[in-house]
Amino acid sequence: MNPGLLILVLAVLVAVAFGLHRRRVDGRFGPVDEAGQSPLVEEVALQPSRDHVTAWSSVTATLPSAELGQQATLVQFSSAFCAPCRTTRVVLADVAERYDGVAHLEIDAEEHLALVRALDIRRTPTTLILDADGNELTRAAGAPRREQVLAALPSSSREIP
Amino acid sequence: MTSTETRSTARGIDPRGPRFTASVTLVIFAVALLLSESAPRVAAVITGVQAVFFAIGAGLGVQKTPTGLFFRSVIRPRLAVPTELEDPTPPRFAQAVGLVFAVGATIGFATGAVLLGQVFAGFAVVAALLNAVFAFCLGCEMYLLGLRLTRRTA
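Line by line, the protein sequences give chains A and B. Counting in this note's numbering, the final residue of the first sequence is number 169, and the numbers go up one at a time with none missing. Counting in this note's numbering, the final residue of the second sequence is number 149, and the numbers go up one at a time with none missing.
To be clear, the hints were calculated from the coordinates, so they are not data collected in a lab. Note that the Cβ used here is the ideal one computed from N, Cα and C, for glycine as well. Please note that a few of the clues may not be correct.
For each label pair, taking beta carbons as the anchor points, the in silico distance ranges come out as [claimed, not checked]:
#, chain 1, residue 1, chain 2, residue 2, range
1, A, Ser164, B, Ile70, 44 to 52 angstroms
2, B, Leu64, A, Pro169, 49 to 57 angstroms
3, B, Ile70, A, Val98, 44 to 52 angstroms
4, A, Pro162, B, Lys59, 24 to 32 angstroms
5, A, Glu105, B, Leu142, 25 to 33 angstroms
6, B, Arg71, A, Arg153, 40 to 48 angstroms
7, A, Val33, B, Leu29, 29 to 37 angstroms
8, B, Leu64, A, Val98, 23 to 31 angstroms
With the rest of the complex left out, here is chain B (with noise of 0.2 angstroms):
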């Protein structure tokens, strides 16, 4: 027997698209990194674009990003159809997470503290990676330890 306590959500993406979309992110940040020592105004443009995509994913979910299009008109019809779909809400949360990391990095690269954009890119890296290699949301995991920690008890 089974009793559940949760809000439950019917409908699902496709988890393999939240996945590609990092695997996206994990490559913008990279560049931009490379890019910052010898270009730093076009590392920031370029985190600033990744900052745009993530405001997207984040207001409207991951499905509606650039990335999340292009998956879904362009490789998911060449994918099997997938085992199981994915609630859209963690996603949507991660994208947003994300965005806070890519506005730091743009703000650092913008504005000559090349170092402090670095620093938010190399974390924005290891979310992505861990998001497309592994399956596992950073921010996700992050969110319960926050609201323990901010939270008072109702």
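For reference, chain A alone in the conformation it holds in the complex (with noise of 0.2 angstroms):
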């Protein structure tokens, strides 16, 4: 074969199984497979002692004037050449609305690259689901669906009816 239309093929075929594998895990929470954070563990971890660390303690680090929603946060990394980014952003503000005591937390990810670093986040968007104490529960990259973030807030929060 012509290499010249071997790499062509070549390049159609990784391009498309790349963009249907992103389609799949695009905007999917999962649970946190970073050591001793798994939400099991969690869920029966005792009161955080005073030096724990949780995710919502990096953000205030960095923004010390964001605010910690009574049942959940929504914590979204952005950046400027980021289309779904708008997406997700009309998603999570109207869930943080229309839910009682879920926070919406929008960070430009390009000026806050030492809490990237720290928080791990590798793409835009970004989304982490914090509980009430800033612990974080659940995270997806891509633009998740409304019952996608619906499914993965604690059970605690209420729709304000």
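Two chains, two separate frames, one set of hints: put the complex together.
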């Protein structure tokens, strides 16, 4: 086969496989896989000790004026070169508006690289869902759909009637 | 409640414009790849023209490229009004990333390093297809990883 044609076919196959994979995993919230941070362990965890570093304490170290939601906080990392961040902003802002005690905080990843490294954010948008104590429950990379956000919220969150 | 820490832009462009441009880009690189073995000089001219398109897109915005203008004057009037507008910054950045691939491919084809040119063109096909078919901007996503790796924290 002509090498140019071969490279063309390979490139198309790689792009289609990658695109389909991304379409499947984008916006999906999964368990946090850092050591000792899985949702199961967290449910039985004791009160956080004084030096316990939560995702929220990393956020407030950078953004002291940020406010934690009473039930949950949706922390969204965005960047200027990111079209799906816009969609994500609309979805998360809507959920925060309709659900009691749920806050939405959008952070510019580019301007807060230290926080991006601390929380290991790799792409934008990435959405972290924090519980009432500021612990990370789960995260999703890529634009999540509304149903995906609602399913991942702590069960104590109630829709405002 | 929502608090925002990002810059916001008010103006927007029809998101189907950059995707149309990406489709044309995809065809241009595919033709260049198919001709690269038998006529590398012709392939170099084709990717060179594409490099100029990318340079216009990176410098002035994707809506100012020949394909962007064609979309606005010929295609868009025949389509329904877009449901939402898109920030022109991400596709403009993607044009700059595309420029790097197009220049690499052109240098390869023009100097006889045909395989090098084909590899650059191959990457360009991957990026353009993801953009055209999946509305996925590879360059935009690499941007944050690039910043994380290269820029020191202030």
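Cross-check of the supplied hints:
1. Ser164/A <-> Ile70/B: 44 to 52 angstroms: 50 angstroms, holds
2. Leu64/B <-> Pro169/A: 49 to 57 angstroms: 51 angstroms, holds
3. Ile70/B <-> Val98/A: 44 to 52 angstroms: Because 26 angstroms falls outside the window, the suggested range is violated.
4. Pro162/A <-> Lys59/B: 24 to 32 angstroms: 47 angstroms, violated
5. Glu105/A <-> Leu142/B: 25 to 33 angstroms: 31 angstroms, holds
6. Arg71/B <-> Arg153/A: 40 to 48 angstroms: Roughly 28 angstroms apart at Cβ, these two residues miss the hinted range, so it is violated.
7. Val33/A <-> Leu29/B: 29 to 37 angstroms: Since valine 33/A and leucine 29/B have Cβ atoms about 33 angstroms apart, the given range 29 to 37 angstroms holds.
8. Leu64/B <-> Val98/A: 23 to 31 angstroms: Taking Cβ atoms as reference, leucine 64/B and valine 98/A lie about 30 angstroms apart, which means the hint holds.
The structure fails hints 3, 4, 6 (numbered hints given earlier, in ascending order).
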